[in-house]
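Fit chain B to the known structure of chain A by using the hints.
Protein chains: 2
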Amino acid sequence: MAHSNSMRVLPAACLILSMVILLIVNCTNKSAHSRICSEQKGKWSALLNRKAQHPLDPLTHSEMLAVQTLLRNTSLLGKERQVLHSVELEDPDKQEVLRWKPGQPIPTRHAEVILTIDGVPRKIVVDVGLGKIVEDTEIPGSGYPPISVDDFEKIMASPATYQPFLDSLAARGLKIDEVLCLPLSPGWYGVPEDENKRLTKLQCFVHKDTLNIYTRPIEGIVIVLDLTTMQVTRYIDSPANKAPIPKKDGTDYRFSAQTPPYFAALNPISIEQPLGPSFTLDGHVVKWANWEFHVRPHGRVGNIISQAKVDGRSVMYQGFLSELFVPYQTPEQGWYFRTYLDAGDYGLGIFSLPLQPLNDCPRHAQYMDAVFSGPDGAPYITPNMICIFERYAGDIAWQHAEVLGNEKIHEARAKVTLVVRMIASLGNYDYIVDWEFQTDGVVRVKVGATGVLMIKATDMTSVDANVTKDELDDMRGTLISENTIGVIHDHFLAFHMDLDVDGPNNSFVQGKFVRYSEPPEVSPRRSYWAVEKHVAKTEEEARIQFSLDHPSEFYVVNPGKKTRLGNQVSYRVVPGTSISSLLDPRSSPQTRAAFTNNQMWITQYNRTEKYAAGFLTSQSHGDDGLAVWSNRNRNIEDTDITLWYILGFHHVPCQEDFPVMPTAEASFEIKPTNFFERNPILKMQPNH
Amino acid sequence: MAHSNSMRVLPAACLILSMVILLIVNCTNKSAHSRICSEQKGKWSALLNRKAQHPLDPLTHSEMLAVQTLLRNTSLLGKERQVLHSVELEDPDKQEVLRWKPGQPIPTRHAEVILTIDGVPRKIVVDVGLGKIVEDTEIPGSGYPPISVDDFEKIMASPATYQPFLDSLAARGLKIDEVLCLPLSPGWYGVPEDENKRLTKLQCFVHKDTLNIYTRPIEGIVIVLDLTTMQVTRYIDSPANKAPIPKKDGTDYRFSAQTPPYFAALNPISIEQPLGPSFTLDGHVVKWANWEFHVRPHGRVGNIISQAKVDGRSVMYQGFLSELFVPYQTPEQGWYFRTYLDAGDYGLGIFSLPLQPLNDCPRHAQYMDAVFSGPDGAPYITPNMICIFERYAGDIAWQHAEVLGNEKIHEARAKVTLVVRMIASLGNYDYIVDWEFQTDGVVRVKVGATGVLMIKATDMTSVDANVTKDELDDMRGTLISENTIGVIHDHFLAFHMDLDVDGPNNSFVQGKFVRYSEPPEVSPRRSYWAVEKHVAKTEEEARIQFSLDHPSEFYVVNPGKKTRLGNQVSYRVVPGTSISSLLDPRSSPQTRAAFTNNQMWITQYNRTEKYAAGFLTSQSHGDDGLAVWSNRNRNIEDTDITLWYILGFHHVPCQEDFPVMPTAEASFEIKPTNFFERNPILKMQPNH
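Protein chains in written order, with UniProt numbering: chain A, 1 to 688; chain B, 1 to 688.
Hints are computed from structural coordinates only; laboratory data are not their basis. Some hints here could point you the wrong way.
Identical chains blur together in the list; that is why a pair holds if it fits in one copy or across any two.
As the list claims (entries may be wrong) - Restricting the straight-line Cα-Cα distance to at most 27 Å, the calculated cross-link-like pairs of lysine-lysine (DSSO-like) are:
| id | residue 1 | residue 2 |
| --- | --- | --- |
| 1 | LYS79 | LYS446 |
| 2 | LYS248 | LYS562 |
| 3 | LYS562 | LYS247 |
| 4 | LYS562 | LYS537 |
| 5 | LYS248 | LYS683 |
| 6 | LYS562 | LYS469 |
| 7 | LYS208 | LYS683 |
| 8 | LYS175 | LYS247 |
| 9 | LYS208 | LYS154 |
| 10 | LYS469 | LYS512 |
| 11 | LYS683 | LYS247 |
| 12 | LYS561 | LYS247 |
| 13 | LYS683 | LYS287 |
| 14 | LYS561 | LYS469 |
Isolated chain A (complex conformation) (with noise of 0.2 Å):
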């Protein structure tokens, strides 16, 4: 089937390399996908008909082909050294969005559209209803705005042209049309060569004879391209890394390729609903149990929850992966750069690919849709890229038991919960975002790593006989594959969670643990803790790093609220998986991924602040983001904060990695503490 122009689910003329993951919808493909096309024919008319209903529903497509309009006729786009990277929703006032009710008008609707010309990165607001450009500025600062899918198709073409690059593969025994090269980040590092130029690096593979093309990496050339002209600035073919190509076998992953025997099959197994799910989805607002909360994709951080209320009551304003950092950890010319921000780099909604039922979410889960836009500004759908689910995994809400004279007692309620569930594929790596909403007022947010690692070649095939110590400690990672390194990494995830307890201004309060001690004559107890808790007044005194030996819980509390007791009405935050850099605080990479310096932060609210390292991350120096805005050192009493949870995992890769990484999880959550009168769940009724 053709789709009509207006449809436009298929971005024009791109050439789709695995890191350029737009989904093609394409319905004569006989692919999983095709069917949902298919299927969902309708759904598709509905989608491109959808008008906004709420003030942070994001731009639907009839709103992007005006905005794609608009552009056109201010010859915005379309001109030689014109890259449009990105056109979202503008966060509209947030003053404005709590007023709105259902039902009212929805405030105006601005377009956020980000290009570069001539290699200047530039900002421009469009107000949709009028159909008139309201702000043209350069951006300020060191940064540029992500690879685009219009890079793309050039990138692609430049090492195919490039002599000494068909020298190299020559020399290698390799052909062009056997190789594929991505185009990776390229940091920042003050090389005096790469100043003042958007860039990026390639890294090359062999692409012949796998899928998992991240496997057989041809080590040792590095391709610096100029993303302004296009061309090769610098050419790296090291002669001291000329390490083979990994071999092909045991690389591919897929089901299909695999040969008996195969894992010990399990009977089947799923999560049932026979009268199907208990939430509803409406646009993007979803309602379940005692939560409400609207839910958007966005192209740079993949989706947005926001206005999450529990029966009714404000939790949190915005919530969202604000950026990654996932810095390599070996200092070799082909890899000391790769230190990449995903978000700000390449974008987390962008690098999603519709889910697959039955496998990345359960039966009933429901999907939601993104139109997001293509280089020439055109809409484009990436369908089921979020799923909605119940989830019931055996757990338990609560419980007790026991034997009270001649009264037994057990009550013990099921623990269901709501999870919304994104995955985003940044070429290699996946990763696995869950929000998930409990009945008892806790939001847990998880992620999962998994996909393939990026890999680094060597002439080693094993560690044991004759390699030295010296080769050994040059591993910088695991031998995990005959001519494989894992390279060691790090995965830091800075979390934007603006709550709002209870209403808008909120306090941040440190309850520190502190060693109490009695003299014999109190007490034949030596020593005891208490809470002693301590309100952070300004940006400076909520730089949290944790420690085991000095514990501390946090609250986010609404100094306005108080429960019937007296206590102040406040949602904790329950560290889960954490880690500290071990980078030197003054390198490059450290400064320009700042927020990782703690691991959790709060500011004051401010409508700009969304991007913890920064507003544009390609290349940038560490002259915008959250280290930045909170050397203000701002007032964040009593007012409307922003709470930063930076969550993380070092990784030191191993065997069971290979060809495809077991998925590693890592969580943290917000807990209701005295935000409710009483247990919020006391009234759930139990299964029979």
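Then chain B, alone, in the frame of chain A:
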């Protein structure tokens, strides 16, 4: 239905009070359990006739009867001042168990009997086959065995005849039949009046009008009872603390006691397995997917997982929750001593109640019954003490998606795991202990804490109006209802993990993450980190305190086994929720629970070193247990070693915890790390 003597599921003449959680299988009773009982008659007879099939199978009903007969015949039971605490299988010699193969005759069975005779703890070992006592020794050290069911009877009788207590009740307008007193383990504080006596301290509650007695304490009264003489040795009715009894309103958590409106009813949801579960349970041996292990109920530690193997390769010889430490954090007279060692002071298995299908465990769970010894040596049954089920929670085992040229790849595998669950209902608290086996080789140990808080009564009804700073400080907790304080406390849970990674001889390796730097001429990258591995040679080198600033990974390696690539075969410990103790290290509760000095320990394997706070914990002085054993500083390199993981959480109560607490979870994992040659679930099949 009356039970025959031989069935004997009802312990003789035991007064059932809330902390004596012995199940009476009463088939005339209309409770849920009676249904289980009548449905499962065949099962009872099977259980009663069962013979041990595996060296680690728990003592059978008939073995227990044989032990009882022997004890009676040798006059060790049935006389004054003879108290029977437990009859359990004595751990057979590990080498013997490892040599044993299914089908072979099982090695000689020994029963370990713990008695107190004239206040002196005594251990008797019975050769069950020969019907002969092979060991009879006084147990050295300062501690006493747990309060036995026999004790409870007499303890219950004591307050009713103690006039000062009756006077105190009268002064409060209460009658003896309206109250219930629970025997608390008294800790040890060197109080001269309490020395050299086996004691309990009674805390009394108003039982009238609510089943949630914990919410209605009679504050200020402490009855110190000598358990040998059953005389009150001290009586305290503190005039300074005559807080009112908190009201009954809102304390009942049973669904039958609630009134509308109820919590929003969700549509039915369940984990369904149309072809039934994929695991088999043969006696005590579980086989599922790539896993095989033995599980048995245990009176003291709840349950024990033994000989866990994945792909037929050994991972863990034995794993169990060895001890808990729950110190309450207030120095006042009625509270300072509440520093429970729950496993040793009470017994996690003894205090387990039958699991409730559909609420405690999902639909297709299978259940295992326990046979424990009653106070007269007669065995009784706790049905459904353990459940085993497959868990599918909508999670993803591994995933990768991308678009490569014309090829769309989307491979995802649903994550299914196997859970072994027990719930110890230790008076007010319920601990849900899950051992979760994953197909990727990970074992996750998860603890959920729920139930009812231990309450301190207060005359405060609000912390708002006229409350002074001193009064607030004196609360040592949170006002969670009118006149009701939830007292601050900690939970430490020590897991005994006798890992045998691919064989019994293992070493413990700490991989310290260390920052490296390079001069500018080597790399633009200023810093990165790498792993420096240290093999712990002695126990002292393996006392681990986690630190965010000095991160490490922790491996139990098999120095004799390497992968094909030469990597050392290992399992890694992935820490989860951990805390450090805030108590003065020289104080008696900390010395008695010195296993909380570190978050992880390694000791040389020793069959008798099972319980982290020592063999006898009640009133112990800290002369036995993990810290003492570690001080021997034995060799732990390339030998049989045991890992101890101390999981923990601080608990500052909040109103949401009243009148019953939503489950709080904590966990840690062990994870195969170069144990497999590649991702062990690569060949798992996708769902369709």
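### Query
What hints, given by number in increasing order, does this structure fail?
Going through the list in order, the structure violates hint 1 alone and respects the others.
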